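Undergrad: Take a look at the letters that make up each chain.
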Amino acid sequence: MAQLFPKHHVMGFIFSLVLTVVAMAVVVYDLSYTAAMAILLITAFMQAGVQLVMFMHAGESEDKVTIYTNVIYMVFFAIVTILGTLLLFIWDM
Amino acid sequence: MKIDNSLPLEYSTEENRLKILGFWIFLAAEIALFATLFATYFAYQGRTGNGPGTEIFEITPVLINTFALLTSSFTIGLAVNAMRLGNKKAMLTFLGLTLALGLVFLGVEIKEFFTFVHEGATIQTSGYLSILFSTLGTHGAHVSLGFFWGLFIIIQVSKYGLTPHTANKAFIFSLYWHFLDVVWIFIFSFVYLKGMM
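Heads up: the sequence lines are chains A and B, in that order.
Here the first sequence stands for residues 1 to 93, where the numbers follow our numbering.
Here the second sequence stands for residues 1001 to 1197, where the numbers follow our numbering.
Please keep in mind that the hints were generated in silico from the structure rather than gathered at the bench.
On a predicted model such as this, the values are computed, not experimentally measured, just so you know.
Accuracy of the hints is not assured; some may be wrong.
Which residues of chain B face chain A? A partial, calculated answer using Cβ under 10 angstroms [claimed, not checked]:
(1) Ala1035
(2) Leu1103
(3) Leu1106
(4) His1178
Where a beta carbon is used, it is the ideal one built from N, C-alpha and C, also for glycine.
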């Protein structure tokens, strides 16, 4: 039975629940915009990291380098798309 | 077909390994899709016209959905673990649990959409609501597709057993499901929580 619930999976799950509760702080407490956004960014990216490394086994095959390069490149692409849009339409620079 | 028995079933042939790599490349393209949706969402934030804005969000259904998806991501991880132990029965149980939680998610999200529309927030009301429904809907459509995909995986595994072929399909499905959970975390944080701040 214990075999069916490996420790690092259970830890990953508990960790993701904790991160969700921490992220909830931004609606429960009256934080400044900067502090709230910092909390959301940190918890969201940590959640993504937990999924990627602990659950998706990203690093276990011989294609490890290709997979990580590909994902990191696309995350970079996503950040450029989102920040670029914010820069033009919201921050008005 | 050369089968390398030192590796888990889903990686045991070269074709299997390359299929998993190919799926990672597809997932990276999906990151680009959701990035453009998020970018548009941020650009349209506050452009609500005469319609309602983020005040339509309610915390309870969002929390139910978050816990349903987080737990389903955990159970599908356990399904892959059971598959590697060669325990077909446990694997199918965990897969079934995953899909049941997926259904809970879909049910709550559909009900939430009905509530929104009831409150006068439709996809045609404003630019903001158009992109809100598009972003949530694209993710919801992925979960719906994943539900049927998972159903076919369950049928195939119970029919043909654990072979390099079916194990590979199940593993790729697990990657897809974890990815949907990651996208949901970003929706939860930057659409719902940020909107309710």
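Undergrad: So, for every hint listed, does it hold in this structure?
TA: Here is how each hint holds up against the structure:
1. With a cut of 10 angstroms, the hint placing B/Ala1035 at the interface with chain A holds, because the nearest CB-to-CB distance is about 3 angstroms.
2. Look at B/Leu1103: its Cβ only gets to about 20 angstroms from chain A, farther than 10 angstroms, so that hint breaks.
3. Against a cut-off of 10 angstroms between C-beta atoms, the interface hint on B/Leu1106 is violated, since the closest Cβ of chain A lies about 20 angstroms away.
4. Interface hint status for B/His1178: upheld, as the beta-carbon distance to the closest one in chain A is roughly 5 angstroms, under 10 angstroms.
Checked against the numbered hints above, the structure breaks hints 2 and 3 and satisfies the rest.
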